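Chains as they are written, first to last, in my numbering: chain S, 1 to 220; chain W, 1 to 220; chain X, 1 to 220; chain Y, 1 to 220.
Some hints here could point you the wrong way.
Which copy is meant is left open, so a pair is good if it fits within one copy or across any two.
To be verified - Straight-line C-alpha distance at most 20 Å; calculated PhoX-like pairs for lysine-lysine:
hint: 1; residue 1: 219; residue 2: 138
hint: 2; residue 1: 14; residue 2: 216
hint: 3; residue 1: 216; residue 2: 138
hint: 4; residue 1: 138; residue 2: 61
hint: 5; residue 1: 216; residue 2: 61
Hint data in this document are derived by calculation from the structure and do not stem from the laboratory. Bear in mind that the values here come from a model prediction, so they are computed numbers and not experimental data.
There are 4 protein chains.
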Amino acid sequence: MIKVLVWCENRQNKTDEAVKAVYPNGMHNTIADFLNLDPEISAKAVTLDDPECGLSEEALKDTDVLLWWGHIAHHEVPDEIAKRVQHHVWRGMGLIPLHSAHFSKPFKLLMGTSCDLSVPGFFKEQLWCTLPGHPIAKGIPNPIQIEVEEGYNEVFDIPQPDELVFIGAFEGCRVFRAGCAYHRGRGKVFYFQPGHETFPIYHNATIQQILTNAVKWAKA
Amino acid sequence: MIKVLVWCENRQNKTDEAVKAVYPNGMHNTIADFLNLDPEISAKAVTLDDPECGLSEEALKDTDVLLWWGHIAHHEVPDEIAKRVQHHVWRGMGLIPLHSAHFSKPFKLLMGTSCDLSVPGFFKEQLWCTLPGHPIAKGIPNPIQIEVEEGYNEVFDIPQPDELVFIGAFEGCRVFRAGCAYHRGRGKVFYFQPGHETFPIYHNATIQQILTNAVKWAKA
Amino acid sequence: MIKVLVWCENRQNKTDEAVKAVYPNGMHNTIADFLNLDPEISAKAVTLDDPECGLSEEALKDTDVLLWWGHIAHHEVPDEIAKRVQHHVWRGMGLIPLHSAHFSKPFKLLMGTSCDLSVPGFFKEQLWCTLPGHPIAKGIPNPIQIEVEEGYNEVFDIPQPDELVFIGAFEGCRVFRAGCAYHRGRGKVFYFQPGHETFPIYHNATIQQILTNAVKWAKA
Amino acid sequence: MIKVLVWCENRQNKTDEAVKAVYPNGMHNTIADFLNLDPEISAKAVTLDDPECGLSEEALKDTDVLLWWGHIAHHEVPDEIAKRVQHHVWRGMGLIPLHSAHFSKPFKLLMGTSCDLSVPGFFKEQLWCTLPGHPIAKGIPNPIQIEVEEGYNEVFDIPQPDELVFIGAFEGCRVFRAGCAYHRGRGKVFYFQPGHETFPIYHNATIQQILTNAVKWAKA
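Starting from the given sequences, assemble the full structure and let the hints guide the process.
Have a look at this one:
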């Protein structure tokens with residue numbers, strides 16, 4: 001059984017009606033719920049409001065793969081806890097930063113770059129798999145259609161991925177490295193771009209399949 | 001002085017009025033001419049019609065970097081000459097396959113994959129640099145605007161590039177790894193997508209700068 | 001169930017007493033036998049002497065992962081069959097070339113380089129894992145002790161591996177990239193250096209574990 | 001002219017007779033001196049004892065490539081200054097951490113991993129170039145003989161290099177990724193292992209050539 005922790009800052013979930021409309025149960029619970037449909041996965045959700053942000057030593061020791069969604073409260077995660085996450089990745093924990101978690105402290109610590117990008121607006125996205133033999137792409141149509149997403153745009157200031165699994169193409173000839181896999185220490189990291197809080201991305205069965213695949217890849 | 005050979009199959013150049021209108025002097029001569037504007041480069045052009053396709057042992061021994069444009073006559077290059085080019089790359093010669101040369105024999109031999117892609121039509125392209133510190137991107141605006149190009153689309157069946165320098169974004173949410181750098185043996189390879197025969201791509205000063213940069217990178 | 005084919009040229013197995021002493025049942029059967037101990041794997045052995053070298057379209061269509069041991073008879077494999085193997089890798093089959101199969105036709109076709117190396121003699125080897133979180137390294141001690149092996153030495157003329165999993169260190173300050181993982185098309189390739197025919201390498205439980213891991217990784 | 005800054009903690013240089021015997025003028029001055037023999041390079045040396053460690057905003061703005069040697073005083077470099085170096089790499093400055101600078105703050109920040117390794121003793125080293133077409137290897141014999149060096153040993157906990165240029169082989173079947181090239185932001189990083197303070201490594205003409213090459217590569 002793969003032990004998964006789904007971390008969410010849980011801020012806009014509580015205050016923004018547009019977000020609540022899409023994720024009435026909270027984005028983190030939505031993600032944990034679909035992961036739990038897989039018989040090999042046991043997922044639970046924690047948030048910034050939990051003691052030690054839900055990321056105590058004990059919690060991380062008991063975690064194989066951590067998913068991370070944050071946006072407006074990155075700075076509320078104490079540096080010490082961000083480093084704790086980084087160190088657990090070094091020892092073998094998987095980390096899957098989602099969407100605006102490109103600016104989360106653990107991801108930035110693990111990449112060593114600014115992780116900056118540009119955000120030109122909201123667009124239709126086609127997500128292309130550029131490495132169709134990768135375990136994370138297993139059973140996934142190519143391309144994936146996303147009716148509307150927040151456009152993320154290059155230059156995405158990251159180290160070159162060990163495996164570039166997806167590239168997102170947005171209306172207006174915009175492009176973004178959307179699925180980026182890394183080894184860091186004994187752990188694996190998979191950044192995945194889709195997942196803006198006001199769109200039903202995590203209700204999309206294909207996106208769910210990608211994240212389920214990513215959890216298994218990160219544990220392997 | 002960097003000794004450059006510009007190879008072109010020179011077929012559509014001779015028979016297709018649309019191509020002749022864009023490149024009255026031949027595409028190969030156009031490319032050699034702008035490369036020769038750089039004081040460090042000495043370029044000459046050869047074609048499939050030359051003895052040994054212009055690619056004799058002597059010619060290749062005297063070449064630092066070979067640019068290659070081919071489209072409808074890949075099969076007319078003898079296997080033995082394609083292998084000769086491959087072996088010169090192994091010994092240190094640079095190779096810059098252009099546009100439809102993704103299907104040229106030397107590139108396919110050096111990649112080991114099918115080098116297949118899809119060709120959905122003609123579109124506006126924006127070419128994004130994803131590695132702005134790379135020598136090939138020096139002094140290049142980001143993105144580069146190309147009014148109309150033949151769209152090439154993923155999946156581009158190549159080995160993961162050692163350095164992915166450019167990604168092309170085409171209208172209609174299409175995407176292509178457009179500037180791909182590799183080490184092969186002691187030589188370097190840079191595949192570059194823009195350059196359809198009926199559009200004035202090689203008259204574009206930015207494209208010219210990229211290819212001049214690529215020649216210097218391949219020689220370094 | 002992972003369907004595995006173990007291919008061996010089976011030449012020295014038949015004529016060289018030193019090889020027969022180590023692998024009385026044939027190296028290919030030894031490898032297939034230990035792979036079959038894993039409940040997820042179903043392996044069978046074929047040789048150069050079988051019709052179509054044991055590598056008919058039907059056989060390859062029914063193969064998830066192909067292991068390949070060859071040494072003195074690379075040239076006896078018809079080009080057409082080598083290309084057939086290459087094309088099956090493109091479509092998703094895993095390939096695990098062993099030891100002197102660095103010079104096998106399918107590996108050379110898939111790498112695009114000369115795959116040359118130097119062979120300075122016979123030495124003690126320590127095999128170091130440089131990517132301990134990789135699935136192929138799961139449960140493997142670091143380093144692995146090999147009492148005596150044929151020394152392979154850099155420069156190993158291969159494309160940079162997507163994942164460099166092992167480096168072999170030989171007496172006399174010699175070094176070799178010994179475990180090299182690649183994506184090629186939809187398939188995966190893992191070259192693994194240990195396995196000289198006169199030493200009991202494939203009887204070593206740790207080497208067996210690495211190859212069992214590699215089969216699962218190549219199938220994933 | 002390439003503007004180079006050679007940074008050294010300058011601690012053992014002052015207190016350890018064995019170090020003073022090898023580098024009477026200070027290791028940093030030795031390095032700056034041989035770099036200055038190249039007509040394209042203008043190098044100066046600074047140390048931890050200089051105001052702002054010699055790494056003021058003004059100094060870094062005026063630096064193309066920074067070499068860094070530190071060992072026992074990594075912790076004396078203020079976090080703020082380490083981050084300043086990191087940010088200058090993001091904007092395009094080259095960084096060449098030497099030997100025990102694998103544990104320097106700027107390198108660790110840029111890698112995102114622990115950068116740990118093991119140190120088994122002092123040994124003869126042979127340094128093998130695994131990418132002989134790389135600009136840093138230009139004109140360098142293969143292998144390079146180093147009579148005695150401090151052995152560094154895998155596992156070296158770094159991200160997979162974009163380009164693995166050298167592997168060090170030490171007596172006793174020990175091995176270390178000794179020359180590791182990375183892109184980070186717009187800047188380049190080249191970690192280079194040889195350079196223990198009590199051995200005349202930086203007086204070795206081949207090592208000098210490698211570092212001169214590395215400076216030019218980092219600036220390109």
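Intra- versus inter-subunit Cα pairing at 20 Å for residue 216 with residue 138
Both ways: residue 216 and residue 138 sit 11 Å apart in one copy and 15 Å across, limit 20 Å.
Pop the pair residue 216 and residue 61 into one bin, within, between, both or neither, using alpha-carbon distances up to 20 Å.
within (18 Å within a copy, 26 Å between copies)
Between residue 14 and residue 216, at a C-alpha cutoff of 20 Å, which is it: within one copy, between copies, both, or neither?
neither (30 Å within a copy, 44 Å between copies)
Given identical chains, is residue 138 near residue 61, meaning Cα to Cα at most 20 Å, within a copy, between copies, both, or neither?
For residue 138 and residue 61, the Cα distance is within 20 Å only across copies (19 Å; inside one copy 29 Å).
My question is about residue 219 and residue 138: at a cut-off of 20 Å on alpha-carbon distance, are they close within one copy, between copies, both, or neither?
both (16 Å within a copy, 11 Å between copies)
Hint 2 from the list above is the single one not met by this structure.
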